[in-house]
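Number of protein chains: 2
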Amino acid sequence: MKIGLECVPCFVRQAFEAASLVTNDQKIKERILRQVLFRLANVSFDNTPPFIGRNIHRIVRLLSGNNDPYLEIKKDSNKLALKLMPSLKKLIKSSADPFETAVRMAIAGNIIDCGQGDHIGEEKIKKTISQCLDQPITKENFNELKEEIENASNILYLGDNAGEVFFDRLLIEELQGYPITYVVRGAPTINDALIDDARIAGLDKLVEVVDNGSDVPGTILEECSDEFKRLFFEADLVIAKGQGNYETLSNEQKKIFFLLKVKCPIIAEHIGCQDGDMVIAKRG
Amino acid sequence: MKIGLECVPCFVRQAFEAASLVTNDQKIKERILRQVLFRLANVSFDNTPPFIGRNIHRIVRLLSGNNDPYLEIKKDSNKLALKLMPSLKKLIKSSADPFETAVRMAIAGNIIDCGQGDHIGEEKIKKTISQCLDQPITKENFNELKEEIENASNILYLGDNAGEVFFDRLLIEELQGYPITYVVRGAPTINDALIDDARIAGLDKLVEVVDNGSDVPGTILEECSDEFKRLFFEADLVIAKGQGNYETLSNEQKKIFFLLKVKCPIIAEHIGCQDGDMVIAKRG
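Here the protein sequences come in this chain order: A and B. One gets my numbering by counting positions in the first sequence from 1 and adding 3 to each. One gets my numbering by counting positions in the second sequence from 1 and adding 3 to each.
Hints may be right or wrong, so weigh each one.
One copy or any two copies: either way a pair holds, since identical chains are not told apart in the list.
As the list claims (entries may be wrong) - Computed list of lysine to any residue pairs in SDA-like fashion (alpha-carbon distance at most 25 Å, straight line):
1) K5 - S23
2) K5 - N27
3) K232 - P89
4) K130 - E153
Just so you know, these hints were derived from the structure itself, not from any lab. Only a predicted model underlies this, so the values are computations on that prediction, with no experimental measurement involved.
So that you can see chain A by itself, here it is in the shape it has in the complex (with noise of 0.2 Å):
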C-alpha cells in the first residue's frame, strides 16, 4: 500500500522522536530534521510507509553516527518478554485452545512497536495481552490458519520487533514440527528483530531463522537478498507480523496470513477494521 499525505505528519514526527533518542546534540537533530524534511518533499509518494521510513531511519543513523539507535529498547524489550513468558506460557497450556491462545498472544506481542511511538512499556504490554484474550476475532480465522499450516510444506513466518520475538516463538512452539523458516531483518531499523534478537529468544533452537539482507521495517521484495527471495518464492504459505509486512506486502500474489496489532487509521481503513484491532488478515 502507498503512503497516504496523513503519513507525511507523522514520518515528521518519527525522525524527531528517532533523532531525539539518539542524540541530545541540537546540531545533529536539527542536521537530521532538515535533511528528513528535504527527503519527504523529494520522495514519490507511491512508496509504501516501510520505504519511506527506512529512509528516514538510514538518514538518522547516518547522521548521528549510531548504527543501531534502538540497541538498547531492544535490549529491554527482550528481557520485559522474557520475564512474561512463564506465565504467558501456562496461560496457553491451560487454554481451551491452545493454537488460538497461542495465536492471540503472537499478535498481542506486535504492540512493541517504536515506529508508532515512544519505548512501549511493561503496562502497556500487559494491557494488550489481556485485551488480546478478549479480542472479537472469528474461529474461523484460526481454523482457517491452522489448516493452511497443516496442509504447507513451506511456512515462512516473517517476524517483526525485538521483544515480540518471544511472543512468536509462544507460537512456534505450538507448531513444532511444521516446516517453519523464521526470518528477521537483515540490518537495524527501528526496533526491529535481527538475528541476535532471534537467538535470544531461542528461536534458532526451534527453527531455522534466517536474515531478509534489508534494513526495511518491512518487506519490499526487490530490496531482499536472493536467499531470501528464493525462500519467499518457494514458500506456500506466509505468516507475516506487523503493519510493515502487512504496507509492503498486502498486494503480493501469495498466501500471506497478516497478523498485527493495527495502530495506525491509515492501516485500518485498508485493512477494513478500527484502528486499534487485532487481526488476522488473510490475503492471496
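Since the structure of chain A is provided, determine the placement of chain B on it from the hints.
The following block gives chain B in isolation, referenced to the frame of chain A:
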C-alpha cells in the same frame, strides 16, 4: 522566542490540517505539503514560530487559491461566542471582582485557536470558561494589570483570534473610558481576527480598531505597517493576547501584559508554567 525542533512535526501537522481544510483535491494537498516540507527544510530556525506559521499558511492560500481558508470557521466562532455573551456578561456583573472575571474571560476566549488543532467546538469553549474561573492566577497579577491600565495614557490591545474578539470585548467593556486601541491582523492567517471580526463583535463602537498590516499570526514589528509601528512605540502599555503575540513580542523592551491560554509545552517552558495554564505574563 525561536522555534524549537519540537515545533517542526507540529508545523507539518498544521500544514496537513490546513491543506485538508481548504481542499479535497489530493494533488493540491500533496503540492502544499511538499512545498511546506521544502520550506521547513531550508528556513532558519532562528525565526519565531509565527514567522514560520505565516510562511506555511501563505503556501496553503497560494496553492489552494483560497485567500481565507478559515473564513467559515471564523464565522462559526463569532456566532458561537455571540451566543455565549449574555450569560458571560451576567457572570461578570454578578462577580465579586468584575475586572478580574473579565480578564479571566478574555484569557478563556484564547482557547479558540486553530493553529493548535481542529476547529474548537462549543463544549471545549464552555469547559475552558469554567476552568478559567478556578485557575490559580495570583491576585497580584490582576492588581498590577489594573494599576498599569489606570496609569497608562496609550493602551494597545493586541487581539488574536476570531470568536475570541467577543471575549476581548467583555474585558474592554469593563475598561470603558480608558484610552484603548484594539489591533487585529492585516490579512487572513489561520483563524486570526481581522477588522471584520472586530466589527462583528462591536469593538469599533467602544474603542479605536486598527489592523497591523501583516499576515503573521503574531506581531513581527518589521512586518507591520508604519501606522501600527507608530502606535506600538507610542503606547505605554500593551495588552497582548495569545501564543503568537507572546512568541513574537516576549523579547521586546516594552511594558507588555500577555494574556493567554497556553496550548503547547514549548511555550509553557518559556513562560515557566504548565501546558494548559491560563496566564498573565508581564514583560518589560
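Hints, verified against the model:
1. For the homomeric pair K5 and S23, the shortest alpha-carbon distance between copies (18 Å) is at most 25 Å, but the shortest distance inside one copy (27 Å) is not.
2. In this assembly of identical chains, K5 and N27 lie within 25 Å of each other by CA distance solely across copies; the values are 18 Å between and 33 Å within a copy.
3. Taking the closest pair of Cα atoms, K232 and P89 never come within 25 Å of each other, the shortest separation being 35 Å inside a single copy and 71 Å across copies.
4. Taking the closest pair of Cα atoms, K130 and E153 never come within 25 Å of each other, the shortest separation being 32 Å inside a single copy and 58 Å across copies.
In this structure, the hints that do not hold are numbers 3 and 4, in rising order.
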